[in-house]
Amino acid sequence: MPTAVAEAAPTPAVTSPATPPSFSTLALRWYRLNQGRLRATAVGIISLLAFLLVWHLLTTYRVVFFVRFTNVPSPLAVYASFTKAIHDPKFLLHIALSCRRIFIGFSLAAIAGVPLGLVMGRFKLVHEIIFPIAEVLRPIPAIAWVPMAIMLWPTNEQSIVFITFLGSFFPILVNTLHGMSLVDPVLVRAAQCLGARERSIFREVYFPASLPHIFTGLTVGMGVAWVSLIAAEMISGQYGIGYFTWEAYSLVQYPDIALGMIAIGVLGLGSSLLIRGAGHLVMPWRSTR
Amino acid sequence: MSEIRTSEPKGHIEVRNFSLSYDSIEGPVQAVTDTQIHVKPGEFVSIVGPSGCGKSTLLNAVAGFLKPTTGIVTVDGERVNGPGAERGMVFQQYSLFPWKTVRENVEFGLKMRGMARSQRERAARTLLGLAGLEAFEKHYPEKLSGGMKQRVGIVRALATGPKVLLLDEPFGALDAQTRVIMQQILTNMWQRLKISVLFVTHDIDEAIFLSDRVYCMTARPGSIKAEIPIPLERPRQQSMMMSSEFLALRRGLMSLIREESLKAMGGEINDMGMQGLSIELHGHSLADVI
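Same order as they appear, the protein sequences are chains G and W.
Per the numbering used here, the first sequence runs over residues 1 to 289.
Per the numbering used here, the second sequence runs over residues 1001 to 1290.
Keep in mind that a hint or two might mislead.
Using 30 Å as the maximum straight-line C-alpha spacing, the simulated BS3-like pairs for lysine-lysine come out as follows [what the hints assert, rightly or not]:
hint, chain 1, residue 1, chain 2, residue 2
1, W, K1138, W, K1263
2, W, K1194, G, K124
3, W, K1100, W, K1111
4, W, K1111, G, K124
5, W, K1138, W, K1100
6, W, K1263, W, K1143
7, W, K1194, W, K1040
8, W, K1067, G, K124
9, W, K1111, W, K1143
Quick caveat, the hints were computed from the structure, so don't treat them as lab data.
Values in this document were obtained by computation on a predicted structure and should not be read as measured data.
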């Protein structure tokens, strides 16, 4: 192929000499290639340390300047309560229960939202029936559902899971729908020309083409799920990391407030990393970029 | 290669009394009117014409994406009622599935037919080998150059062993060098497979170089203005494009198309209300002036 020759031409300039490169050359090369990433990591770590330092100074000197740091726990106090908490089965139970609620609520939202979005995107009538209802319900924040959820569900646990579900359901639905609306019609035609019928087109074209937006929806949905969960736990819970944080305030355990908040942040970050990882696994054609 | 017909040429395309119009707020718009074309089994036929003349519309009707308003489209005597694997199609935008590797793209038609995995993998490998793409079977399309993508597009369309191959300005997005190579590859495959080809392009040189026959369409509403046989012998070489025979064909087609392009542009000029340009837009006189 003449094209192949043309593409192979520039390579000799890059190929290594007869002797294998020394370790230091390799290290230098690796450094050059990853310079940007290394810098980002370094700056990130410095910035986090700076945040801790500022926090430390503000709380040690009990700064009052519009905002009052008089009662805010210092990072060291929070660390102390953290070392105590990880050996406390009750704290671990709070975390485990929150994670379980997220897992159930979010999974249900994904199981309901993705297929519904796909079907709504494909069949006009379904879209016309469901869309108006979704549009009215969507702007209601999950926390406004708390009283209704308590009435609807027999147990507290169920109503909290329901609120978590609601929080993540709409972002997932809306993004899946958006993905469906952006599917390139030429790809559908190409599939039809190759003998694909409705079901195959759905599975082989519409679904994979919508996947990037589905994952956007899942990521956003996961974020909102945590927001909704914490709100619900603070209001109606007996367990859970949100309840832990609120209870710490009532019991004047100030370091535990910050500990609860940080735990929520770390858990939220961890769960969105999980989703991103799943996205890379499911869409290898995008992660090779 | 059981998948590919190498023996009896098949794929007789016939388009009779064809017209196609669509509705708009100002009433029905005639895109193509009173058109007859045919492609004999194993023949390579091109359609050229000014942009917007409806040549792609015509091709899409043969593919089965558009229903004729009047008239009939048949392939081997069977009426076209929708898209199908016996009419392979190659698109200008390549339209490879980005989530499938090169080989999976080529396998797609065979998979739809229910062929077993190992069997279709073997078939796809062989075909990719013919197109010089075996080294790229595991790549995703995004990584390929335009010429490679379109080679995959052609191989994918041919994998199911279609009777006819429809190409809609397939090389329009490629640079000149790649385009020449692609034309050669397409010619080779066509001669090897002996299938009928209907090729839409706005590139006159390309149409002459590739085809047995060229249809030239009028400006919108499109219809067939002329049918030009291309008696150049095969195999054709790049050098032929300088021959007096080629140049004569080119001149003829050029003037036909220029006439139609001027008509189309004249329409636009009038639409814009530029009354000052009240040149008479009929026939050769203006084409010769410009």
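Status of each hint after checking the structure:
1. K1138/W / K1263/W: Roughly 49 Å between the alpha carbons, so the hint for K1138/W and K1263/W is violated.
2. K1194/W / K124/G: Not OK: K1194/W and K124/G at ~43 Å, beyond 30 Å, violated.
3. K1100/W / K1111/W: Holds, at roughly 13 Å.
4. K1111/W / K124/G: holds, 29 Å
5. K1138/W / K1100/W: holds, 9 Å
6. K1263/W / K1143/W: violated, 42 Å
7. K1194/W / K1040/W: holds, 11 Å
8. K1067/W / K124/G: holds, 22 Å
9. K1111/W / K1143/W: holds, 24 Å
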